[in-house]
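> Let's have the full structure, built from the sequences with the hints guiding it.
Residues per chain are reported as follows:
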Amino acid sequence: MSSSKSLLVHGYEVVIGFETHAQLATQSKIFSRAPTAFGAEPNTQACAVDLALPGTLPVMNRGAVEHAIRLGLALGSHIAEQSVFARKNYFYPDLPKGYQISQFEIPVVQGGEVSFFLGDEKKTVRLVRAHLEEDAGKSLHEEFHGMSGIDLNRAGTPLLEIVTEPDMRSSAEAVAYAKELHKTVTWIGICDGNMQEGSFRCDANVSVRKPGAELGTRREIKNLNSFKFMQQAIDYEVRWQIEQIEDGHAIQQATVLFDPDTGETRAMRTKEDAADYRYFPDPDLPPLVIARDWVEQVKANMPELPRQMAERLVRDYGLPEYDATTVTQSPAMAAYFETTAKASGQAKMASNWIMGEVSRRLNNEEKDIAQVPVSADTLAALLKRIADGTVSNNAAKQVMDALWSGEGQDVDAVIEAKGLKQMNDSGALEKIIDEVMAANAPMVEQFRAGKDKAFNALVGLVMKASKGKANPQQANDLLKQKLQ
Amino acid sequence: MNELHHLGVAELAAAIADKKTSSVEAAQHLLARAKEHQNLGAYLAFNEDLTLAQAQAADARIAAGERGPLLGVPLAHKDIFVTQGFPTTAGSKMLAGYQSPFDATVVSQLAAAGAVTLGKLNCDEFAMGSGNDNSAYAPVHNPWDTARVPGGSSGGSAAAVAARLVPAATGTDTGGSIRQPASFTGITGIKPTYGRCSRYGMVAFASSLDQAGPMARSAADCATLLSAMAGPDIDRDSTSLDHPAEDYTRLLGLAREGAMAAMPLKGLRIGLPTEFFGAGCAPDVLAAVRAALSEYEKLGATLVDISLPRTELSIPVYYIIAPAEASSNLSRFDGVKFGHRAAKFDDLADMYKKSRSEGFGPEVQRRIMIGTYVLSHGYYDAYYLKAQQIRRLIAQDFQQAFTQCDVIAGPVAPTVAWKIGEKSDDPVANYLADIYTLSTSLAGLPGMSVPAGFGAANMPVGLQLVGNYFKEGELLQTAHAFQQATDWHTRAPQGF
Amino acid sequence: MSLTLSDIGRIANLARLELSGTQSERMLGQLNGFFDIVEQMNAVDTTGVEPLAHPTAVIDHVSLRLRPDVASEPNNREANQKSAPAVERGLFLVPKVIE
Numbered sequence: 001m002s003s004s005k006s007l008l009v010h011g012y013e014v015v016i017g018f019e020t021h022a023q024l025a026t027q028s029k030i031f032s033r034a035p036t037a038f039g040a041e042p043n044t045q046a047c048a049v050d051l052a053l054p055g056t057l058p059v060m061n062r063g064a065v066e067h068a069i070r071l072g073l074a075l076g077s078h079i080a081e082q083s084v085f086a087r088k089n090y091f092y093p094d095l096p097k098g099y100q101i102s103q104f105e106i107p108v109v110q111g112g113e114v115s116f117f118l119g120d121e122k123k124t125v126r127l128v129r130a131h132l133e134e135d136a137g138k139s140l141h142e143e144f145h146g147m148s149g150i151d152l153n154r155a156g157t158p159l160l161e162i163v164t165e166p167d168m169r170s171s172a173e174a175v176a177y178a179k180e181l182h183k184t185v186t187w188i189g190i191c192d193g194n195m196q197e198g199s200f201r202c203d204a205n206v207s208v209r210k211p212g213a214e215l216g217t218r219r220e221i222k223n224l225n226s227f228k229f230m231q232q233a234i235d236y237e238v239r240w241q242i243e244q245i246e247d248g249h250a251i252q253q254a255t256v257l258f259d260p261d262t263g264e265t266r267a268m269r270t271k272e273d274a275a276d277y278r279y280f281p282d283p284d285l286p287p288l289v290i291a292r293d294w295v296e297q298v299k300a301n302m303p304e305l306p307r308q309m310a311e312r313l314v315r316d317y318g319l320p321e322y323d324a325t326t327v328t329q330s331p332a333m334a335a336y337f338e339t340t341a342k343a344s345g346q347a348k349m350a351s352n353w354i355m356g357e358v359s360r361r362l363n364n365e366e367k368d369i370a371q372v373p374v375s376a377d378t379l380a381a382l383l384k385r386i387a388d389g390t391v392s393n394n395a396a397k398q399v400m401d402a403l404w405s406g407e408g409q410d411v412d413a414v415i416e417a418k419g420l421k422q423m424n425d426s427g428a429l430e431k432i433i434d435e436v437m438a439a440n441a442p443m444v445e446q447f448r449a450g451k452d453k454a455f456n457a458l459v460g461l462v463m464k465a466s467k468g469k470a471n472p473q474q475a476n477d478l479l480k481q482k483l484q
Numbered sequence: 001m002n003e004l005h006h007l008g009v010a011e012l013a014a015a016i017a018d019k020k021t022s023s024v025e026a027a028q029h030l031l032a033r034a035k036e037h038q039n040l041g042a043y044l045a046f047n048e049d050l051t052l053a054q055a056q057a058a059d060a061r062i063a064a065g066e067r068g069p070l071l072g073v074p075l076a077h078k079d080i081f082v083t084q085g086f087p088t089t090a091g092s093k094m095l096a097g098y099q100s101p102f103d104a105t106v107v108s109q110l111a112a113a114g115a116v117t118l119g120k121l122n123c124d125e126f127a128m129g130s131g132n133d134n135s136a137y138a139p140v141h142n143p144w145d146t147a148r149v150p151g152g153s154s155g156g157s158a159a160a161v162a163a164r165l166v167p168a169a170t171g172t173d174t175g176g177s178i179r180q181p182a183s184f185t186g187i188t189g190i191k192p193t194y195g196r197c198s199r200y201g202m203v204a205f206a207s208s209l210d211q212a213g214p215m216a217r218s219a220a221d222c223a224t225l226l227s228a229m230a231g232p233d234i235d236r237d238s239t240s241l242d243h244p245a246e247d248y249t250r251l252l253g254l255a256r257e258g259a260m261a262a263m264p265l266k267g268l269r270i271g272l273p274t275e276f277f278g279a280g281c282a283p284d285v286l287a288a289v290r291a292a293l294s295e296y297e298k299l300g301a302t303l304v305d306i307s308l309p310r311t312e313l314s315i316p317v318y319y320i321i322a323p324a325e326a327s328s329n330l331s332r333f334d335g336v337k338f339g340h341r342a343a344k345f346d347d348l349a350d351m352y353k354k355s356r357s358e359g360f361g362p363e364v365q366r367r368i369m370i371g372t373y374v375l376s377h378g379y380y381d382a383y384y385l386k387a388q389q390i391r392r393l394i395a396q397d398f399q400q401a402f403t404q405c406d407v408i409a410g411p412v413a414p415t416v417a418w419k420i421g422e423k424s425d426d427p428v429a430n431y432l433a434d435i436y437t438l439s440t441s442l443a444g445l446p447g448m449s450v451p452a453g454f455g456a457a458n459m460p461v462g463l464q465l466v467g468n469y470f471k472e473g474e475l476l477q478t479a480h481a482f483q484q485a486t487d488w489h490t491r492a493p494q495g496f
Numbered sequence: 001m002s003l004t005l006s007d008i009g010r011i012a013n014l015a016r017l018e019l020s021g022t023q024s025e026r027m028l029g030q031l032n033g034f035f036d037i038v039e040q041m042n043a044v045d046t047t048g049v050e051p052l053a054h055p056t057a058v059i060d061h062v063s064l065r066l067r068p069d070v071a072s073e074p075n076n077r078e079a080n081q082k083s084a085p086a087v088e089r090g091l092f093l094v095p096k097v098i099e
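Protein chains in written order, with full-length UniProt numbering: chain D, 1 to 484; chain H, 1 to 496; chain F, 1 to 99.
Hints were generated in silico from the structure; no laboratory data involved.
Ideal Cβ placement from N, Cα and C applies to all residues, glycine included.
Certain hints may be false.
[Unchecked claim] Some but not every residue of chain H turned toward chain F, in silico, with C-beta under 10 Å:
no.	residue
1	S331
2	D334
3	D350
4	P362
[Said to hold, decoys possible] List time: in silico DMTMM-like cross-link candidates among lysine to aspartate or glutamate, alpha-carbon distance up to 25 Å:
no.	chain 1	residue 1	chain 2	residue 2
5	D	K88	F	E18
6	H	K419	H	D145
7	F	K82	H	D49
8	H	K344	D	E142
Written as C-alpha cells, this is what we have:
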C-alpha cells in the first residue's frame, strides 16, 4: 500500500495505476514455433499459426510459463496452480484470429508487490495480477496508395501484462515504479527491456479527485515508451483533467496517446463496441497447470534480486544505502562492484570509483557497464595501489586514463612508466624540504612569526618540487618538524 | 478389373498387393467413375496429376515388397481437411480456391500409410448442416434417391462411398456429421472419442466438439482407416489426447471374453435409452432399429433399458455451445490474410462486413449471430455458461448409464433422409432432427452408425452404437459381429 | 425473452455482418424461433455444477501440454501469402487503419 501522504496538485489528489506489457525473452512465440527476433523482413517470422491460417491450433511455450513463474517469485505473488486461457474477441487487422488469446478470470500470477525508493522514502505498489497473452502484429501507416500495410511478425510474441492497484500518487512515483519494474524484469532475464523496440510498454491509468472523494473517472495513456515521456504525459494529463473539472466538465473515460512533439495527450479514435470482447475459455487450450515442484525448481535457479543484494552490500561491505542501490542498477554493475570490492578489500573506494570515475567515462562514451574496458580485477589492483600509498588519488586517475584508453594494461607497469609513484623515501624528501626552506627563507620567517597560511604555501612548493610524487601527509609531518 | 469400385478397402488393398490391379489403375478407374457421376455433387476438387503421382509412388513401394492395409488404396477427404495440391473450401465461397501451405495431420498420416488422395468431397459450409444443402457450391444428392439429401455435414463423403465412387473417405463429426449421413446413405461411419484424431488442419467449426473419423462400407474398413488416422499430435494440437495409437482391427472377428464363436457377443449389455425410442422417432426407423437389436440378441447380447434424461436438452445446449465457438473460430475470415474480400467497400469496417456477408452463407451467418449473442455482455452466464454446466450433467448421465451397460444403441436420426429443400427454410426443424447424435458429441464419446436395413421409401436406416471413452475397439468389434451376421452394409443403391 | 431488431443490429455489428432490412427481419424470426427451444434450459438447476469445457475432463483431469521453447518454423512467407487478397512488399494491405 502506498504509504505516502498524497501530495496535492491544486488541491487535487492524483491517482495512477499501471498496466505494463512486457515482451518475454523467449526464442519462439507463445503458441507457435516461429522465432521472436525483432526487425525481420515483414511477415517472414509469421508462421501458419501466427497468421491464423485455416486448421491451425495453438501449442503453449513452456519457456513463457517459466518466465511468468520467475516474475511471480520476484514480486512475491501467488502462482496459480491452475489458470485458464480465454479468447478476447474483436476485429482488427493486426489481430489475425479475430481474437487475442489472453487470460481473463484466472491469471497465472496473482497479487504481489513492487517496492522502491522515491528519494529516501520507501514506496510499495500492490499488483493485482500478471497474465500471459499473445502480442498483436503492427499496422504500418506509411502510405500504400491509401492503404495500410500489416506486418504480423510480432503477432504471437509472448507478453506478460502486469497490472497494479491504483496506488501511485504522483508522476514521479509512477516513473520510479516503472523503473523498478523495468529493473526487475531485466534483472531476472525475462524481458530485454528495450523500450524503443516496444519490449516494455507502459499504459498509465490516470485520474484525479478531491482528497477523500470517490475515485475519479480515469483516462488511460497508452504506449509510454520512455521514462521521460511517461512523466511528461502524466503531468500533462493531470493538468488537463484538473482544468476540465475546474471548468465544470466531467471527465469521460477514454484511451489517449501521448504526442512527444506537442507534449500533449489526445484521445484515440475509440474502436467501435470495443467494450464487448465476448471473453470465453479457449476450447483449443486445456487449463494451464503448474506443479509446485516446478515452482521450487525455478525458485532454486533465481538470481539474488536487486533489493536483497543492496541490503546485503550494506550489511557485508558497510556501504551506504545510496551506494548500495546505485551499484545494483544492473546485474553487470553489481557483479563489477562486488568483484572489485572483494579483490581490493576497499568496498567504499570501489563504489566511489564505480559511481564516479567509471560511470562518468561510460556516460561520455555512451557505453554500458557490460562494455567497460577496465576489468574489475584491474580496477581492484589500482585501488590497492591507492590504499597502500603507492599512488595518490589524483595520480590514480591518470593511471585509469591509460588503462581505459588501452595505452596500458598492467597497473604497476603504468605507474612505473608514467613515473607516478609517490615518494615515500624520507631522506630524499628531507633534502627537497631543506632546499625549499633555504630558497624561501622569507616565507619560513612569516610562518615562524605566526602566519599559518605560509605553511600551506610551503607544502605546495614541496609537492611541486617533488613533481607530485611526495606523499602529502609525509611532507606535512617532516616540514612541521623542521619548522619547530 | 473394371468392377473394382465394388471392392472395399481390404479387398482393394489385397488386389493391389497381389498385383491383380495397381494403385494407378484403381485411381484412374475411380477418377473416371467420379467424373461420370459428378451430378451427385459429391466431389468439389480433383488433381489428377497429383493423384496419379501418389499412386505411382504407392505402386513403387509395393514393387519394393512393402505391404500395408492402405498401401495404394484411393481415398477422398472431406473438404474440411486442408490439403496441399487440392484447394480447400470448407464448402464456402469464403474460401473459394484457397490453397493451404500444409496438410492436415489426419491427411498426412493416411498418406504415410500409402493411401492415395482422389479428391476433395463436398460438405455443408464449414460443416454446419445436416442435409448438405448448405454447400456454397452444390447440394449433394443421395444415391439411394437423388431427390433426397445424403445427410450432413459429411454428405459428400457419404454419397461418394455409398455410390461406390471411393472405397472409403474421411469425415468430421461435430454434432452427428459422420453418423447421420452414414445412416442416410447406408454406409458405416465412426466418430471416435473427442481428441483421438488430431484436429490440426481441420477447418474449425466448434473446437470442443469437432472430431475426425472414417466413413466406409464396413466396420472392418473403418477400423483400418481409424488405426492410421488416430493418435496423439503432441506438436500441433493441444486437445489431442495423449493416448498411444491402437490397432482398431485387433478385436474384429473375436468373440467376447468367455463367449463362444456361435454367440460371439455373449455377455454384452446393450443399453436402450427410453428417450431414443419415443414418439419422436418415426415408426419405420424404429422398426429397422428393433430388428437390428433382435439380431444382436441372437448374437448373445442382452438388451437393458436405460435413461438419458437430458436428451432433449442436448439440442439447446449444443446449439449454444457450437455456434459460440464457431462465431469466434470464424472471426479469422476477415478478408485480410486469406479468403474472400469484397470488391467494393468504403473503409476497413465496411470491408469486414461486406467480405463476411458475401463470403458466408445464410446458415453460417445464423450461427455466427447466435454465437455472438450468447457470448455478448450480459448474456454469457444465462446461455454459454449455463449450457456448459448442463453439458457436464449430460456427460455424467452417460457415465451413469455405462454402469448398467457396455454399449448404448438407438436410432441415429428420427427419420430417413428427407427430400432436398424440404427443411431448408426451417433451421430449427433441422436442429431438432439432430436429437439422437448431439448428446454423444457434447460428452465427447465415440459413436458410430451401422447399416440396419431400410425404412420409408426404401431409404437406408442406421443403428447408432455409442461406447464409453476410448472404447472404439469394442464398438467396432460389436459392429463387425453384426455385419458378419447381416448384409445390409453390402447393399448398393440402384445404378451404382 | 424475445430479441428485437435493434438486438439484431447490435449483434450483426459485433459479428461484422451486414444484413439488409429483410434479412434482419428473417434473422429475427429465426433466432427467436431458436431461443424458444432454449427456454427449457432455465428449468435446470445447475447450482454448483462446474462448466464442462473439455469433454474428457468428465473422467480424468486434462491439463495443457507445454512444448520446449525452440524456434523451428522456417520463413514460409510466399506459401503462406498465396491466398492473400492484397499483398505488397510482403505486407498484407488493408484500408487505412486510423487510431
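> Take the hints in turn and mark each one as holding or not.
So, going through the hints one by one against the coordinates:
1. S331: 8 Å, holds
2. D334: Where the cut-off is 10 Å and the nearest Cβ of chain F is about 7 Å from D334 (chain H), the hint holds.
3. D350: 8 Å, holds
4. P362: 8 Å, holds
5. D:K88 to F:E18: 22 Å, holds
6. H:K419 to H:D145: 9 Å, holds
7. F:K82 to H:D49: Satisfied, since the Cα-Cα distance of roughly 21 Å is no more than 25 Å.
8. H:K344 to D:E142: Holds, at about 23 Å.
When held up to the earlier numbered hints, the structure conflicts with none and fits them all.
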